[in-house]
Every structure is written in structure tokens, then in C-alpha cells.
Amino acid sequence: MGTMLKIDNINVYYGAIHAIKGISLEVHEGEIVTLIGANGAGKSTTLRTISGLLKPKSGKITFLGKDIAGKPAHEIVREGISQVPEGRRIFAEMSVLENLELGAFIRNDADGIKEDMEMVFRRFPRLEERKDQQAGTLSGGEQQMLAMGRALMSRPKLLLLDEPSMGLAPLLIREIFSIIEDINKTGTTILLVEQNANMALSIADRAYVLETGRITLSGDAGKLAASEDVRKAYLGG
Amino acid sequence: MEFSQQLLQQLINGISLGSIYALIALGYTMIYGIIKLINFAHGDIYMVGAYIGFFAITQANLSILPALLISMVVTGLLGMLVEKLAYKPLRHAPRISILITAIGVSFFLEYATMYFVSPTPRTFPEVIDNVAFHVGDLVINGQQLLILGITVVLMIILTYIVQKTKLGKAMRAASFDTETAQLMGVNADQVISFTFIIGSALAAVAGVLVGVYYNSIDPLMGIMPGLKAFVAAVLGGIGILPGAVVGGLVLGVIEALVSGFISSTFRDAAAFAILILVLLFKPSGLFGKNTNEKV
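Residue numbers (this note's numbering), protein chains in the order written: chain A, 1 to 237; chain B, 1 to 295.
Bound-form chain A, shown alone (with noise of 0.2 Å):
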């Protein structure tokens, strides 16, 4: 499996606030990859570096052999790489239809994204039945279901899972999970930001361990979550 995405070494700023120091990771085609840690670590800022949203200061990030680092977001996304804001950040405002076809924004291809549609709707078929319901009305595992649906309607080759599991019951946890499985055996690749620690590890291949902006932990999922270091830290013994 070919490199995805490659972080080599970046530093990210919050005005004088060095929030990433000098990370690096990698992400192979069809894998699912976790990056783990407690809150405040720098997981989301990375996404957001990412995805735009964030300018490093230095280093490369390397999207299918194409330097993408400080590019503007609108950019990235047609790179092919789509996130799922933590907070779900759907469109409260706009109907649950009006969400995903800004999800297709980047697109032109009228009969691809109704094909895309009816496949979001297969994946979440309480979307299909709230379709013209605003989108704020919905509950809180709906709208995380939304915001995936909607980052999967640009039809991503990365797809970036910013703390899925915020707020949501045990059992709604266990779903989503499951179709995030399910989403990256239909052929997405995956990179996973969860302060679920356990629940992220069990469908990773591969996760990172990050704290206070550095990676302190690398490796095979299964192998860091059996690591007595890990288990201490974030597993709660």
C-alpha cells in the first residue's frame, strides 16, 4: 500500500502559542489510522493543518505526492481530502438535503452526486426520512451522522474523523464506529482523532500518541493498546 498522506515535521501556531512541535506521521492507502491523546494535545489542530483551516510554520505535508501544506481549505478539499469537524459543525439553519448538497459543493457531476445521495441515505437511512427537516432539530447522533454524510458527498480519498464519539451514548458510539469500518472497507482511508482511546484503537490499524504537540507513541493499534504505557495513560488501566 502506497503513502496517502505524509506529515513530515510540522510546527503550527495559535499566535505565540506552539500548539505542534515538529510532528511527523503518515497515513498508507485503505488503512485507518488513530491519533490519540488528551485534550489540549494538538489532535485537532492537526486535522485542521490538514485541512487547511491552519498555516504550519514549517514542514511538509505531502497528499498524494503533492505538497499541500498552506494551502487555502477550499483547495484541500478538492485534493480529495474531507473532514468531519469535531462538533459535527453542520448547518443548523439549512435542511438535512440542503447539508449534503454543500457537502458536494466541489462538484459538478449532477447524476454522480444523486448516486452519492441515495448511497449516504443506504449508510443512514434516518437522513433519508428527515431529508427536508431542518438540520438543527435533529438529535445528536443524527447530526453526527449529517456531518459524515456530508464529507462523504465530495467523495473523498482521505477522509478525516475529527472526536466522533463526542457526547454521544455508549450504543450510538458502537454504530458509528461500525460504519466508520464499514466507510473505509468501501475503499476511503481514514485518519481518526478520538480522546476514546479504546474504541479508537479496536478498528485502527495503525495509531499515534500524541501529547502536548509532540508524538510520544507510534505503532500497530492492537499492539499500542495491549502496551502498558498506553493502557495507563488513556485505556484507564
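Take these hints with a grain of salt, some might be off.
Stated by the list, open to error - To be clear about the criterion: a stretch of chain A counts as covered by chain B if any three or more of its residues have a C-beta under 8 Å from a C-beta of chain B, and this derived list gives those stretches:
hint : segment
1    : 38 to 44
2    : 60 to 74
3    : 80 to 89
4    : 187 to 195
Said to hold, decoys possible - Far from chain A, by Cβ distances over 10 Å, these chain B residues were calculated:
hint : residue
5    : Pro94
6    : Val152
7    : Phe176
8    : Val253
Claimed, not checked - Derived DSS-like pairs: lysine-lysine, alpha-carbon spacing no greater than 30 Å straight-line:
hint : chain 1 : residue 1 : chain 2 : residue 2
9    : A       : Lys223    : A       : Lys157
10   : B       : Lys166    : A       : Lys60
11   : A       : Lys131    : B       : Lys84
12   : A       : Lys114    : B       : Lys289
13   : B       : Lys282    : B       : Lys166
14   : A       : Lys66     : B       : Lys289
15   : B       : Lys36     : A       : Lys55
16   : B       : Lys84     : B       : Lys164
Rather than coming from a laboratory, the hints here were simulated on the basis of the structure. Think of the CB as a built atom: it goes at the ideal place given N, C-alpha and C, for glycine as much as any other residue.
Please build the complex by placing chain B on the supplied structure of chain A, with the hints as guidance.
Same frame as chain A, now just chain B:
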């Protein structure tokens, strides 16, 4: 009978004036929606629109509709240019900087116009026949019908653009959450430019129509209607398009009623009293609502 007839007559006058406010208020509210700026130069954009219409009619001998179109295009581009030169460099600056800049742009437009066309008021030519329609004892004149007709057509077009087109959806998405809209591939700069073009073009129409209605234009004519339209936008709920329209109409009608039944010297006071009342009792405006975010 006498009273109800006068009431109806004032309603007709109020709706004409209110349509003008609505057209200006739409630009205020659209621009606020997308970059959270109260564009204090918007009233002056309206004034420039009136002058462009004036010159299109007097110098190029155009009739009213082509003059309106030319004024919309030129003023729309002016609005875009103002955003690019004056506001865009301040996109990440504190909001007070950009607000003060807007006031600066307002003065610049007023006095630059004065320099080029002189401060003397110009008499707007009569572009439509001075006809009056009598319905019973009520009088509706041609200008009022023109204002109403054009406003309705523009509202329909605007609603279509905002609700149905891809660009309109991008606009709504970006004004709700610019960052997430960018993640969808929406180019925020383009959407902002487009919003300024549309808002300024609507203001231009209002400017030309006011010229037609009141027969007189001058470089400072934008100050008061600009403030009034701001009141209208706040009354309806700033950032909400139907709110701007309703706010404009309500304000126009109230002003007409105050001038008709109390005294025309109080009409401005009435408008600003409304602003104070709205800010005191329902700062989110008539159409404003508090949206709860689910976690």
C-alpha cells in the same frame, strides 16, 4: 370615513418608502450575515447608485430600466472594490478597526462624490409619466407603482438566488459558519465579494428609485436612509433576509403614519425610537431567534 381613508393613503405612502428601506436594509443584513460588519458606508453606496442612475439618464439619455441596470452593475462593482481594498485587509483585525474603517469609507464616498459632482443637489429628471391612479378617494402615483413593482421583482430574484442556486447555498452556509463552509470547498473570499455585489446593487436600485420619487439627489442623501435602513435591519433581526424586508416595510409605514397623523418633524424621531425599543426589549429583532446547538 375621512380617517380610514387617510390611514389607507398613508399606508400606501409608507409601503413605497418602506420598500426603499427594505432594499437598503437587505444589503446591510447580508453583509452583516457574512462578515459581521455593520457597513456604515452602505448608505453612501446607495447615494452613488442614485448618481450613476442620474448620469445614465441625463448624459446617456437612457430610460429608467437600462439606467437601473447600469447603476446596479457599476455600484455592485464599487461595493466589491470597497470590500477588497478597505475591509479584506482587516479580516482578522479586531472588529472595531473594520467598523471605524467603514465610517472612513462613508466619509470618503460622500466627499469624493462632492468633489466630482459638486455638493449642489441635482434635480432628478422625470422618467415616467406623472400619472396618478384613483381608487375611490385614494391616490397611487406612477412612481409608487414603479417602486413597488421593481422591489417585488428584485425580492423574488433574490429569494431564488439565495434559496435555490449553488452560490446562494454557499452564501447561507458561509454566513452560518464560514470555516465549515470552507471545508466544503466554498471560497469565502468569492462569496464575500458576491455578497457585496448583490447588496450594493440593491442599494443602487433604492438610490435611483428615491431619485425618481423625490426628484432630488445630493452627495449626503445617503446618511439618513442609511441609518434608517440600519434600524430596519435591526428591527427585523440583523442577518435575517426576510427580517430586513419586513423591518423596512414596518419602518416605512410607521414613519408615514407619524408624518400623516402627528407631524412630519417627528418621523425621524419615530424611527430611532423604534431602534431604542427594539434594543431594549428584543435585541434579536422580530425574526431573531436563539438557536440551540446540540452536543
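Subject >> Straight-line alpha-carbon gap Lys131 (chain A) to Lys84 (chain B), limit 30 Å >> reply: This hinted pair is violated, its Cα atoms lying about 38 Å apart.
Subject >> 8 Å C-beta criterion, at least three residues: is the segment 60 to 74 of chain A covered by chain B >> reply: holds (count 3)
Original post:
Since Val152 (chain B) was said not to touch the interface, does its Cβ keep a gap of more than 10 Å from each Cβ of chain A?
Top reply: It holds; Val152 (chain B) is separated from chain A by about 25 Å at its closest Cβ, greater than 10 Å.
Subject >> Separation of Val253 (chain B) from chain A, once the least beta-carbon distance is taken, above 10 Å >> reply: Holds, because the least Cβ-Cβ distance between Val253 (chain B) and chain A comes to about 28 Å, which exceeds 10 Å.
Subject >> Restraint status (C-alpha distance of Lys282 (chain B) to Lys166 (chain B) at most 30 Å) >> reply: Violated, at roughly 33 Å.
**OP:** Over 10 Å to the closest beta carbon of chain A is the bar; see if Pro94 (chain B) clears it.
**Re:** It holds; Pro94 (chain B) is separated from chain A by about 14 Å at its closest Cβ, greater than 10 Å.
Subject >> Straight-line alpha-carbon gap Lys114 (chain A) to Lys289 (chain B), limit 30 Å >> reply: Judged against 30 Å, a Cα distance of about 33 Å means the pair is violated.
Original post:
Quick one, are Lys36 (chain B) and Lys55 (chain A) close enough, alpha carbons at most 30 Å?
Top reply: holds (24 Å)
Original post:
Taking a Cβ-Cβ distance under 8 Å as contact, does the segment 80 to 89 of chain A have three or more residues in contact with chain B?
Top reply: This one holds; 5 residues, not fewer than the three required, reach chain B with a Cβ under 8 Å.
Original post:
Is the straight-line distance between the alpha-carbon of Lys66 (chain A) and that of Lys289 (chain B) 30 Å or less?
Top reply: violated (45 Å)
**OP:** Take a quick look at whether Lys223 (chain A) and Lys157 (chain A) sit within 30 Å of each other, Cα to Cα.
**Re:** holds (27 Å)
**OP:** Assess, step by step, whether the Cα of Lys166 (chain B) is no farther than 30 Å from the Cα of Lys60 (chain A), and give holds or violated.
**Re:** violated (34 Å)
Hint violations for this structure: numbers 1, 4, 7, 10, 11, 12, 13 and 14, all remaining hints satisfied.
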